[in-house]
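Residue numbers (the working numbering), protein chains in the order written: chain A, 1 to 122; chain B, 123 to 617.
Simulated from the structure, these hints should not be mistaken for laboratory data.
A couple of the hints might just be wrong.
As the list claims (entries may be wrong) - Examples of chain A residues toward chain B, derived with CB under 10 angstroms:
1) I25
2) L31
3) G37
4) V46
5) A104
6) E114
7) I121
Unchecked claim - What the simulated footprint calls covered on chain A by chain B, stretch by stretch (three residues with Cβ under 8 angstroms from a Cβ of chain B suffice, anywhere in the stretch; the number is not a length):
8) 51-59
9) 89-99
Said to hold, decoys possible - Quick partial rundown of chain A residues pointing at chain B, CB under 7 angstroms, derived from the structure:
10) I40
11) F41
12) I63
Source: prediction; values computed, not measured.
The beta-carbon is built from N, C-alpha and C at its ideal position, and this holds for glycine as well.
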Amino acid sequence: MVDFITGHYAYWFTLSLLCVGLYGIIFKRNLVKKVIGLAIFQASVVLFFVSIASKWDATVTVIDKNIPVEQVESYLNPLPHTLMLTAIVVGVATLGVAFTLLIAIYNRYGTLDEQELLEKIQ
Amino acid sequence: MIETHLPAIIALTFVLFALLIPLFGLWKEQLCQPLAVLGSGLATTFSLLAFITYLQTGSIRYFFGGWEPPIGIEFVYDGLSGFILIVINSVAFLALIYAKKPGRMEFQGKELAYYALAMLMMLGFNGMVLTGDLFNLYVFLEISSLSSYALISIGNKPAPFAAFRYLIVGTAGGTLYLLGVGFLYTNTGTLNIIDMSAMLPMLVDNSSVVTALILMVVGIGVKAAIFPLHGWLPDSYTYASTPSSTLIAPIGTKVAAYILFRIMLYLFGIDLTDAVFPLSYIVGVFACIGIIYGSVMAIAQTEMKRMLAYSSVSQIGYIIMGLSLANPFGFAGALLHVLNHAVMKACLFMITGNLRYKEGHSNISLFNDSYRIKYPWTMASFSVAAISMVGLPPLAGFFSKWYLVLGTIDNSNWIFLAVIIVSSLLNAVYFFRILEKVYMKNPDAEQQPDTAVEIKYDDVSPSMMSPMAILAVGLFVIGFANAAIVGFLLGIFPM
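Produce the complete structure using the sequences and hints provided.
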């Protein structure tokens, strides 16, 4: 049991971040806090991808003359990292759009509280 | 040999026009809309050309940079993606023709941004349909989603709030999908759909593969607005401007439904999807609840646009139900319904747009019998689309429901059959009340001997009328050509 927890600590960390993010998205009333929750949620998935690429005693994916290319366990897997560069860019773009919308909402209604907004729209 | 490059050309057309529109739009803003129409028209032509090539030589796989999968990235043009591409590109083409006048009225001065974003959104949709790589699919999903958030926020006062709520759930859904892709990647070491589908049968009893499937279905389910995840849809479609809702409503949820087809029937295969527990049946049950819920909520609405939005929730349920049946008739019925619903919803949103353009509102309780004299063509198209939504022959809507019914009978699934029939009746309730207001004289109203304002013909201009009329006529054409379409769809059933 202890082995199961300590052996997968990266995944437990990811999972707890995922839950924190989801909590922010669902339960926070302030829209900016929802965006923060969303950013945490995305970051947890990014960290998950980064953690699955890591190996003990492995080096970066640049050919080292001392390590033959066939010895794949000595090199990190570069693909998840490159994927996550794209995912981070997507996340930044999402935050940009979200904050633009927030500015538009604040200019129109003068509040960012979800309940107040719902009452004003009704 | 241009044929082998067609999958890439279809998507690149939209990239090209997304760049051309700002360039020419800065010089003359009036050029934006014709350029957008030209772009989507070209893409439709290329889709049709690729479809002819597909019929002659089979599916086209385009390897980017000549790198073969699983190392490289590929675009796959097969029967299913070809069918969806033709549907979404041709409907977008008509919706962009229609957008000219309502666009000029509703967002004067922002046309450049609007049409450039519309092109980017279509790029995202086309990429999602064409790509053969799961991570690429995520990127295209986010391209289309980000542009559609922006497009929805161009509207009346609460539109940014509706778009923001869509952004929160949509991005959360996209992230769940990405997590599912991560699980699959750790198990198989590949992201290519064809490559992965060959490996997955070896991993049936792996719990992380099942988790990945559920994460992906939930994530895409948000985009497809399957019942418990549909909360963003009614507000977004109601508050968005007329051109945005005509463009997004017919195609947005369909593309997400197509991804569910890809994942459940092609990537996993129906045997693997149901290997651990009957996921397809559960999805089908949610679709059924969505069908009934959407129809009941649509009856309760007085605003026509909101009624159509709830009707969309109900109609997407038919498509997902056909997917969950996973037999040839259910598959063909669902895909025929993708086509029918795209045409019907585009037509109905255009009609709402016409009424808003002329009357300034689309409140059903204010509709009266003067509309049949003022807007004869709009109302005629409405009758056609409404009757097709209810599902009366020979209109298109009847045939998709017919094949779905055949599919439920094949599976001996009597609950689903009952849902289809009950919801058709509910559809009739909410569409015929409008027809009644427009075509039947209200017996309680006092007959005015001399009407102060003479009611005369005042229908919309050709640029708004022709796309609507083409779609309405298209419903007859699809109805009569259903045998050919269904024959093709039965041929591409992946089993």
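Each hint tested on the structure:
no., hint, in the structure
1, I25, "holds (6 angstroms)"
2, L31, "holds (7 angstroms)"
3, G37, "holds (9 angstroms)"
4, V46, "holds (9 angstroms)"
5, A104, "holds (4 angstroms)"
6, E114, "holds (9 angstroms)"
7, I121, "holds (5 angstroms)"
8, 51-59, "violated (count 1)"
9, 89-99, "holds (count 5)"
10, I40, "violated (11 angstroms)"
11, F41, "holds (6 angstroms)"
12, I63, "violated (17 angstroms)"
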